[in-house]
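Colleague: Below are the chains, spelled out letter by letter.
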Amino acid sequence: MSVLVLMEEGDPSQQALTLARAFGDPLHAVRMEAASPFAPDAVAAILQRAADDLAATAVFAAGTDRGNDVMARLAARMDLPFAANCVEATLGDPVVVVRSRWGGSLLETANLHSPRALITVQPHAVRVSDGPPPIDVDVKPYLETLEPADRLVQVEEHVAPPGGGVSLAEAKVVVSGGRGVGSKEGFAIIEELAGLLGARVGCSRVVTSAGWRPHADQVGQTGTKISPDLYIACGISGATQHMAGCKGAKRILAINSDPEAPIMSLADYAVVGDLKEVVPAISAEIKKLR
Amino acid sequence: MVLNAEGTALETKHLGFTISPHEECGVEEAVRLIEAGGGESVVLTLGPPDAVEQLRDAMALGIDRAIHLQTDGGEWDGQATAAALVEAIRADETASEPFDLIFFGNESADAGGFQVGIRVARALSRPCVTGLKGLKVEGSSVRCEQDANGGRDVYAVPLPAVLTVKEGLNLPRYPSVPGRMRAARKPVATATPVRPEARLEMTRLSVPGGQGRKTEMLGSGAAAAPRVVEMLRNVGVL
Amino acid sequence: MSAVALAIALLVAGGLFARRALLLFRIVRAGAPSNRFGEIPDRARAEAVVVVGQSKLLQRLGPGLMHAVIFWGFLVLFPTIVIAMIGAVDPHATLPWLGAQGWYATLVDAFAVLVLAGVIAAFYIRKVQRPARFKGSHLGEADVILAWIAGIVISLLAWHSSQIALGLNDYPREWAPVSNLLAHTLSGSWVSILERVAVWTHVLLILGFLVYLPYSKHLHILVAAVNVFFTRTRARGRLEPVDFEKPEAEVRLGAATASDLTWKQILDTMSCTECGRCQDACPAYNTGKELSPKLLIMALRDQVRAQSDKPLVPNAVTDNVVWDCVTCGACIQECPVGIEHIDHIVDLRRNLVMLESRFPEEAGTMLRDVDRASNPWGKAPSDRTSWAEGLGVRVLQPGEAPPDVLLWVGCAPAFDERARQGAISTAKLLLAAGVDFAILGPRESCTGDPARRMGDEYTYQRLAKDNVATLNASKVTKIVTTCPHCFNTIGNEYPDFGGRYEVVHHTEFLAELVRDGKLQPVAGDRTITYHDSCYLARHNDVIGAPRELAAASGKTVEMARHGKRTFCCGAGGARMWMEERGKPINEERVREAASTGADTLAVGCPFCTVMLDDGVRNTGTKLQVIDLASLLSEAVERKRAQGSAT
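Chains A, B and C supply the protein sequences, listed in that same order.
If you read the first sequence in my numbering, its first letter stands for residue -6, the second for the next number, and so on.
If you read the second sequence in my numbering, its first letter stands for residue 541, the second for the next number, and so on.
If you read the third sequence in my numbering, its first letter stands for residue 787, the second for the next number, and so on.
To be clear, the hints were calculated from the coordinates, so they are not data collected in a lab.
This one's a predicted model, so the numbers in the text were calculated from it and none came from an experiment.
Any given hint might turn out to be false.
To be verified - Once the Cα atoms are required to be at most 30 Å apart in a straight line, the calculated DSS-like pairs of lysine-lysine come out as:
no., chain 1, residue 1, chain 2, residue 2
1, C, Lys1214, C, Lys1408
2, A, Lys165, B, Lys676
3, B, Lys754, C, Lys1264
4, B, Lys726, C, Lys1032
5, A, Lys165, A, Lys240
6, B, Lys754, A, Lys165
7, C, Lys1350, C, Lys1369
8, A, Lys269, C, Lys1369
9, B, Lys726, A, Lys240
10, B, Lys754, A, Lys218
11, C, Lys1304, C, Lys1264
12, B, Lys676, A, Lys218
13, C, Lys1408, A, Lys177
Extracted from the complex, chain A is given alone in its bound form (with noise of 0.2 Å):
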């Protein structure tokens, strides 16, 4: 039983070929890239085409913004169900799958009803386990074969993004600093790690209270309110004005000095310690690694 697979750089796709391997071999793959620059609709229509000269049973992608742009344009091509940001896909009649609602915090079981399953795995939410890479299909003979009109909606140019640097409210990871800091320059730390993370800085009211940052940092219910895949809150107690600031964080790890404080309930990960000796530490062990 043949299964195609789309790919893109990046881990999100391995979880998808994880949960491909189950649904047959060999698996094959064709990359984001195949159209240049890229048109979601051609890479859709090249998926199409390769799918059926594979005779594929399922095509598999990651649930990224571009792999569930173009799965579901192969969907609606295809006029066939699409199961988006799945967590779990198992073969059978009908495939069963489960997908992820409500940002992960609600999960969907649902019988797929399709020839040919079409199916995104939600990002970082399955296990990577090793195998064989995948076929590389050669897309060649079906650019020629592309349509004007599967061109029509394409990258034309890329901007940097207005405002320079990722806003705070876009930023996938936010690291942020509250009292426990103690100074301005004391978030030089903060800045550093934020830094190798590819994050932004954020910080707590009483930081901007004393103006050691900008209130364009705040996080938090008259800051702003973020929604990161991942938000690092140092030497900051949880109160529920911040919290209103950061629950839509998928994780959120806190580190602070004081046990019982709010945040330490609320968080995913915590670290006990004080934040000027934890943070250097990370940081450090960040380096060790490049």
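Keeping the supplied structure of chain A fixed, place chains B and C upon it in accordance with the hints.
Modeller: What follows is chains B and C alone, placed relative to chain A:
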């Protein structure tokens, strides 16, 4: 005239939940476009009877009229939803004018998002661009911006088009009370589509184990650093 | 001849006065409606106590006495105006009976001197002491008025003494000691001229004053007494609702221009004497914010006088002034002339929010959350019971028989970790005392108080009606709540929407249980200072019960600003959800608490708990902020431990 427009339709597909922030930005964008260039805006939803509240909320922001496809509150998968919407849109376009733009929220809070807008676009043979954070109508085409790779990808497609938008596109206005009072009197057309067989059929919902964050202790002091880094790699940040 | 002159003077002065007074009266009449015509006995009592008894002014003894003597002097000396006018026409005539009474002459002399002393004291206060409350007031106008009063009284004494010197007095001269004394110094032919000059000066000064009155802040002598009569008597925390049922064009969405103000608000602006007591008490003003309640009323008065139709925001006041207010009511508490500043602020907010959607952005988040999620934190309603996990609290289901008492939890204790301590302790104590109670759980929704205080009356009324429907369907009759804001709105404001219940604050209910012996505490060795919540003490007179609980838990010590003169924690007026500029109000209050030497800061409100706890953390003060219910719980535990130890 930017839009010698006959209409900008806004769709809020929802299944019994409140209007999502993405859809709200779509409503705001539609209202702004009509304010700037004239024309008419319509809000459309598929949902149970009390979904009409969300339609009134959208009209309080300035949308002219609404279409409510009433369901009994049961689950409609993405395909079924899109099909019902397409039928309603075609009917409205025949009765009134074709839409220059149709907006969707990029994903609603639950299932079905990501694909409804794309399916509708395909059925209507119109280009679709997704996940928009910026857009500008220029004559008979629209320039769209999408977050990608630390910056923004720019697309340009001709009208009529279908666009799915994300929170951050704009800052929706807070409806004024006169706006809300007027919305209570604006017209809502109702229809009751028949639900086809579900092809992505929900069998049950469950709460994932360990809900209500259970905090995992990674250690104390600087010695916890290696475990922290391990966690960072597991979650995909490193 | 003199009669003609007097008649002309009276006609001219009277005519000028009447014309201006009529204009002002018409302006008041044209104001929007405000229902203040019930509770006549309470109003009469307030009149007696506040106006005649000068109770608000006497809150500050020095200036209070100064004003009281001038005011009482005015009342006592009033008949002398008539006597003087009669005397101006015919020096031998006077008022029948009263003009001949020795005791009245004594009173007149005494009060004339007292008034003069009052004027001198007033000048001393204004020129030498120069209190900060006068910052922004028109001091020049006050000087003119004081000098005028002095002139009136001096000319009266001059007239009386010259009458006595000429033997024209109808009362025994020994009964007017001061005038008598002065009369001894007067001799010669010029005294008869002095007598004529004095009486005509006196009459003309009075008539001139009459004309000047409606153009100056001295108008308060006519308006203030009326204004006090129409001030709220009970239910002081109740705001007047907006009537949305009217046809759209007639719905009054707060005040945009001076012509939108209610007649009471217009009367407020005409009553202001620029005394600045409100400014002195205002927590916002005293922590560096733009708002001064005095300057607000003065600015509105200027717009009213000019009959301007310019938007009040920003022409009279800036947006900041409107949003700085915490609705604590300290201004209203201090005001001797019955001005209700909160009504003005809320009406300005109503217009900004409901018509213009113009308000601090962060507050918009709260409004949306209240509207969509029925709580200001935007959390899931299903989380409302997590505070009660494991306590064995009954959750009232629809259709079940109602409990004796409904414990209304409120949003803060449900969703905020620090604020929930009070609710947890209260629940435990109620269970221990065997009270039949239940909570609504997820069926509770925000009472709407933050939305209403922000001016979003539309959202408020929707929530209020929903809650009233839930409460009425559940058939509860008695509600106990741990939050003073819920207490105020359910008890004072929900009746406007069909919800009439007996509403009690948890400290009152617990204090009753202690008095009845159902809960037995024993005091420990904490030194406790109790922070009165504005919505308990000032708006609703709940002052004693919390103190009973504090006294049952430890040694107590009072802050200077306590009871009805308490100082806000800073959360009211929906300010909990807005960024604060200037010095933090909560830190100001925490410093005051610390200065009493207490180790424990007792509170009766979840918002005060959070604000003061923040204040303690930010200032590093050694104070533990703890709800009275938790203190009582501790004290009851202590008694139990003692009991089992023996």
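Colleague: All the hints need checking, so say for each whether the structure fits it.
Modeller: Comparing the hints with the structure gives:
Restraint check: the Cα-Cα separation between Lys1214 (chain C) and Lys1408 (chain C) comes to about 28 Å, which is no more than 30 Å; the hinted pair holds. Only pairs whose Cα atoms come within 30 Å are accepted, and Lys165 (chain A) paired with Lys676 (chain B) is accepted, the gap being roughly 26 Å. Among the hinted pairs, Lys754 (chain B) with Lys1264 (chain C) is inconsistent with the structure: their alpha-carbon atoms are about 39 Å apart, more than 30 Å. In summary, the hint linking Lys726 (chain B) to Lys1032 (chain C) is supported, as the alpha carbons are separated by about 18 Å, within the 30 Å threshold.
Distance restraint check for Lys165 (chain A) and Lys240 (chain A): the Cα-Cα separation of roughly 14 Å lies within the 30 Å cut-off, and the hinted pair is therefore satisfied. As the CA atoms of Lys754 (chain B) and Lys165 (chain A) are separated by approximately 22 Å, the hinted pair is consistent with the 30 Å bound. Restraint check: the Cα-Cα separation between Lys1350 (chain C) and Lys1369 (chain C) comes to about 23 Å, which is no more than 30 Å; the hinted pair holds. Proximity of Lys269 (chain A) to Lys1369 (chain C) is assessed by CA-CA distance (about 29 Å); at most 30 Å being required, the pair is judged to hold.
Pair hint Lys726 (chain B) plus Lys240 (chain A) does not hold up; C-alpha atoms about 36 Å apart against a cutoff of 30 Å. Among the hinted pairs, Lys754 (chain B) with Lys218 (chain A) is consistent with the structure: their alpha-carbon atoms are about 23 Å apart, no more than 30 Å. For the hint linking Lys1304 (chain C) to Lys1264 (chain C), the alpha-carbon distance of about 19 Å falls within 30 Å, and the restraint holds. A C-alpha spacing of about 26 Å is found between Lys676 (chain B) and Lys218 (chain A), which places the hinted pair at or below 30 Å, so the restraint holds.
Restraint check for Lys1408 (chain C) and Lys177 (chain A): the C-alpha separation of about 26 Å stays at or below 30 Å, so the hint holds.
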